[in-house]
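Protein chains: 2
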Amino acid sequence: MSEARRRRRPRSAGKPVDEILATTLNLPQYTIATPEQAEKIHEVSLRILSEAGIAFYDEVALATLRTAGASVDDEQVVRFDPEMVEEALAQAPVSFVHTGRDSVRAVTYGADNIVLAPVAGPPYVMDATDGRRPGTYADLVNFVKLANATPYLQQQGTEICVTSDIPFHERALDINYAHIRWGTKPMMGHYPVGICAEDSVAMARIVHGADRVATEHFLLGVINVSSPRRLDDRMLGTIRAYAGNNQAVVLTPFILAGAMGPASILGTVAQANAEVLGALVYTQLVNPGTPCIYGPFLATIDLQDGSPVFGSAESLLAQALCGQMARRYDMPFRAAGTYASSKLPDMQAGIEAVMAMLPSILARPNFVLHAAGWLENGLTTSYEKFAMDLELCGVLLALAQGVSWEEDEWALDAILDEVPPGGHHLGTQHTLGRYRTAFHRTPLFDHESFAQWEVAGAHDSTTRAGRAWRGLLESYEDPGLDEAIDAQLQDFMERRRREIDPAEFQ
Amino acid sequence: MSEARRRRRPRSAGKPVDEILATTLNLPQYTIATPEQAEKIHEVSLRILSEAGIAFYDEVALATLRTAGASVDDEQVVRFDPEMVEEALAQAPVSFVHTGRDSVRAVTYGADNIVLAPVAGPPYVMDATDGRRPGTYADLVNFVKLANATPYLQQQGTEICVTSDIPFHERALDINYAHIRWGTKPMMGHYPVGICAEDSVAMARIVHGADRVATEHFLLGVINVSSPRRLDDRMLGTIRAYAGNNQAVVLTPFILAGAMGPASILGTVAQANAEVLGALVYTQLVNPGTPCIYGPFLATIDLQDGSPVFGSAESLLAQALCGQMARRYDMPFRAAGTYASSKLPDMQAGIEAVMAMLPSILARPNFVLHAAGWLENGLTTSYEKFAMDLELCGVLLALAQGVSWEEDEWALDAILDEVPPGGHHLGTQHTLGRYRTAFHRTPLFDHESFAQWEVAGAHDSTTRAGRAWRGLLESYEDPGLDEAIDAQLQDFMERRRREIDPAEFQ
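If you read the protein sequences in the order shown, they are chains F and X. For the record, in the first sequence the residue sitting at position 428 is 427 according to numbering that gives the first Met the number 0, with numbers rising by one throughout. For the record, in the second sequence the residue sitting at position 255 is 254 according to numbering that gives the first Met the number 0, with numbers rising by one throughout.
Among the hints, a few may not be true.
Repeated chains share a single entry, so a pair holds when one copy, or any two copies, can fit it.
Claimed, not checked - The calculated SDA-like cross-link candidates involving lysine to any residue, where the alpha carbons are at most 20 angstroms apart (straight line), are: (1) 39 with 81; (2) 39 with 327; (3) 39 with 68.
What the hints contain is simulated information worked out from the structure, not anything from laboratory work. All values reported here derive from a predicted model rather than from experimental measurement.
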């Protein structure tokens, strides 16, 4: 790491010790490629960037890239020299701080920090009582509150569900307002196109002041590369709005391997890696030093019927390789959340969720979007799955803590002197001294005897999860919002509702 | 590895190439301890063995251990010198072959081989139609057939459910017969006490001939150490029956950490490791060269209500350390199956199953017992969970294959020349050449669109799993059984039903 990059390391995010501990990665990264193999991925990616290139469907971006020395052909395809890539990599910070309304809840992406955020984007919501229906603003507010009430998400995300009861062109305003009004953890803003991202920045300025927005990061946008090898004008506009205003981005090739990428692990990883690097070059040209997370979204398709498959062996092997590439580049890494194809929060959904997200933790991600709520290929935000996923996130965060090698952990007094053969450790000094903290607890999961479970109503996990999310929602405490800021936000939104031309979203 | 041990490597099990590939571990082991830390675990274990010792509640075993030079105190506690442990480690084979009626289906434990077997021991069975009820012989036969019909289990296990309709003292005979009659994969025999294990050996002699039983391994018994630090007369009798007759054993401290072991990862691992080594010493004294699998069963308890917890972060970290110890000792390694506390095959069961078994695969196990069917803390064998677990096992075996680094995997012709920006890989030469094999398929999991799923009946995974296990059972083909052998088995069982004294099981 160069001295220049080292200097870009941010100061500590200033969280209380226990919250830092809870989101620290102490587990070693699971590596499946040798350094030579990782180098080969890098080399093949550079070849893809220099020979095949990435299409940038936006004249502003093409002008910037041309000026910087990239080759641009007649079909808007940009080819990059390895030097441009190396330069961009040297400019991207190795970690950065993301702040919300409550600066104590600020988070750091990079190094040994992990940040979990809820699902983003589903048009539907579902709960066991009312079934599946289009998401509404009220649902979004519920989920913002749940994301703030749980200890297991450190960031409150973006469009946790679509707000179908709000006109399309006004949604960014209301999504941002819901996050500002009801949440104090870091938020992402809403950024489907450049003008929405600009409004997100404007609202952040109202809340935090223009000076702070110019020097701190309050928003984080996911830039989807429309794989293979394509960035459209919407995403390029979002890059300019966020990066151009000192906000952070996640560079996310979205690849269902076999469709948007080759039907192979290495081909998919090489393509994804090239796409991240191509997007990184443009982002660093817009504003050198913009915080960028290395964040491919990788799944596979069923090659015989074309349907998306989450938690497949091939996708998690590909992700492990991407984790190694992110580490090679010393970039913060984003990995998979609790993805599922299942239409219900059933056993399949549980299998899929863990198959997708447990390998993420072993790849040492700094950011996990879609960590809670994802159902039906990402088309539904399930209240019950949200609650079950949160309990899973708790276990995974405990796992991320790794093994403590403190001397007391050996419990030798108990083993050698206190407990006879066939005895038990329940009452040893060692156990009594740590029974509240030694093992992470999962009260939502049923660990009772069959008889206890039957007497309690013989509920399945969906029913218990229904009680859990309602209980969490009740426990939520309104943080309030400064009246002057609220008034400014209302004025801004009212003006923008009149100004925004729905045609810009066609 | 000494020359003596190297010579003990078995010849190839002679399976066809595709079946070997399907059960080969190509993934690197996930290691979380440094070599120095693993050495510390070894040293602490030796200290436990020499200072605290292991109780052997059986005079035959104590005599053998005393003769071999171990110190035996008045409370039947045996203390071991490090030299005895090293000697036993040098005698245990690094891998071995386990053969069933169809020698083509023989499996190897050790090195790069993984063997999955169904759940063992639940008193109840459950299916979605008839609910939970005591297991019967008919259920056991069903599960033996399912284990033989699936491509995802390589071994057919033992008491897949309890046969409550058979008198307790006769069960070993019928369990063995069910496995012999209906299965051709390797079986484990039934071995709750020494006389049952002796009968299992006797029945193996009838099927395979005494000569082959003297030189090959047809049975595999799990030796539960009654943790902490205790081997009872039943298990010691089983060791003598199996090891003494050239059959293999799994050395399994059964530890719910916080109760049978300390409330810490390191303390639990040190104790488990010491218990494996203590059991190993006795097994190698009974018959030097007996194949032994290093196989602790590790879970945790909820330290505030005492209930068992499966798939906890702490248990999977402890298992990862045990995997490293097994590798240090160059012993075959057994790891966790699809454990669950849940009472139903619901989302909790799915989460628990993967949280327990996916980390197993990354620890490079050679044997996974309880890979399918486990529900309700191991008290119920669920038909539906069996089917869902099998589909999960398929994904995990695909995962175990790791990444192929063949040149063709880069798909560079497709990426560079065939697919334009925004195009797709569905029709490339690369994809067309591999669409049947590139990605492992999971037809039991629903990957359809919501509309397709709704038209098809809107079934949850339990309903689909019900169809799956019934379909698998229908696909089962009776392998038949030689009439002369069958008659000998019937004679043997008839005689033993008269001879066995139920009092021996009190």
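Quick rundown of the hints versus the structure:
1. 39 with 81: Result: close within a single copy only, 14 angstroms intra versus 46 angstroms inter.
2. 39 with 327: Answer is within; shortest intra-copy Cα gap is 12 angstroms, inter-copy 31 angstroms.
3. 39 with 68: This pair counts as neither: shortest intra-copy Cα distance 25 angstroms, inter-copy 56 angstroms.
The structure shown violates just one earlier hint, number 3.
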